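Q: Using the working numbering, you'd call the opening residue of the sequence shown number 387 and step up by one each time.
These are computed hints drawn from the structure, not numbers from a lab. Quantities reported herein were computed from a predicted structural model and do not represent experimental measurements. Glycine included, each C-beta is placed from N, C-alpha and C at the ideal position. Keep in mind that a hint or two might mislead.
[Said to hold, decoys possible] Label-pair restraints from in silico Cβ distances:
#, residue 1, residue 2, range
1, 388, 494, 46 to 54 Å
2, 514, 436, 19 to 27 Å
3, 493, 449, 20 to 28 Å
4, 539, 511, 35 to 43 Å
5, 552, 388, 39 to 47 Å
6, 517, 496, 30 to 38 Å
7, 552, 523, 33 to 41 Å
8, 406, 493, 34 to 42 Å
9, 404, 477, 22 to 30 Å
10, 429, 478, 27 to 35 Å
11, 518, 430, 16 to 24 Å
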Amino acid sequence: FKEDALRILRAVRFSSQLGFKIEENTKKAITTCLPLINNISKERIYTELCKILQGEFVKMALTEYSDVLFEIIPEFKKTKNFDQKSLSHKQGVYEHILDVVTLCDRNDLVLRLMALFHDVGKVYCFQDGNDGYRHYYGHWEASEQIAKQVLTRLRAPNDVVFEVSKL
Numbered sequence: 387f388k389e390d391a392l393r394i395l396r397a398v399r400f401s402s403q404l405g406f407k408i409e410e411n412t413k414k415a416i417t418t419c420l421p422l423i424n425n426i427s428k429e430r431i432y433t434e435l436c437k438i439l440q441g442e443f444v445k446m447a448l449t450e451y452s453d454v455l456f457e458i459i460p461e462f463k464k465t466k467n468f469d470q471k472s473l474s475h476k477q478g479v480y481e482h483i484l485d486v487v488t489l490c491d492r493n494d495l496v497l498r499l500m501a502l503f504h505d506v507g508k509v510y511c512f513q514d515g516n517d518g519y520r521h522y523y524g525h526w527e528a529s530e531q532i533a534k535q536v537l538t539r540l541r542a543p544n545d546v547v548f549e550v551s552k553l
């Protein structure tokens, strides 16, 4: 991983595509070398992220290796274990996002990217109501802005940025 940090993303991709867990010492090495991901070109990170998202076992991979996603998209860090305190969602935001990603067609990259970003804005615009529940006024707009910023930063094609943000 020190020689080529892209191998970290490839390990997660293989986990997502093939459904295996990474060996424990290798997982520890990934954690140790995680900051090296920032030395990889944004285009290569985007390419690997897309392949991870299209894996059959994406939920398992991004649950087990969430720190890898958080390193490349720090905007997601707050979503992990974030209690939605909602009547309609019993899961945390991150867990809900991963469920929605898996419900989308693996071959539709735009749809999977949209699912990844659809609720990320919730953690940035919630209000605790007097009714004991959280309310997320305008979270879809915050999520759209985050999607645009992240996808642009990762140098995704303009048409993908446009389609994801509109969905």
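Q: For each hint, tell me whether it holds in the structure or not.
A: Hints, one by one, checked against the model:
no.: 1; hint: 388 / 494: 46 to 54 Å; in the structure: violated (36 Å)
no.: 2; hint: 514 / 436: 19 to 27 Å; in the structure: violated (36 Å)
no.: 3; hint: 493 / 449: 20 to 28 Å; in the structure: holds (22 Å)
no.: 4; hint: 539 / 511: 35 to 43 Å; in the structure: violated (20 Å)
no.: 5; hint: 552 / 388: 39 to 47 Å; in the structure: holds (40 Å)
no.: 6; hint: 517 / 496: 30 to 38 Å; in the structure: holds (36 Å)
no.: 7; hint: 552 / 523: 33 to 41 Å; in the structure: violated (20 Å)
no.: 8; hint: 406 / 493: 34 to 42 Å; in the structure: violated (22 Å)
no.: 9; hint: 404 / 477: 22 to 30 Å; in the structure: holds (26 Å)
no.: 10; hint: 429 / 478: 27 to 35 Å; in the structure: holds (31 Å)
no.: 11; hint: 518 / 430: 16 to 24 Å; in the structure: violated (45 Å)
Hint compliance for this structure: hints 1, 2, 4, 7, 8, 11 are not met, and every other hint is.
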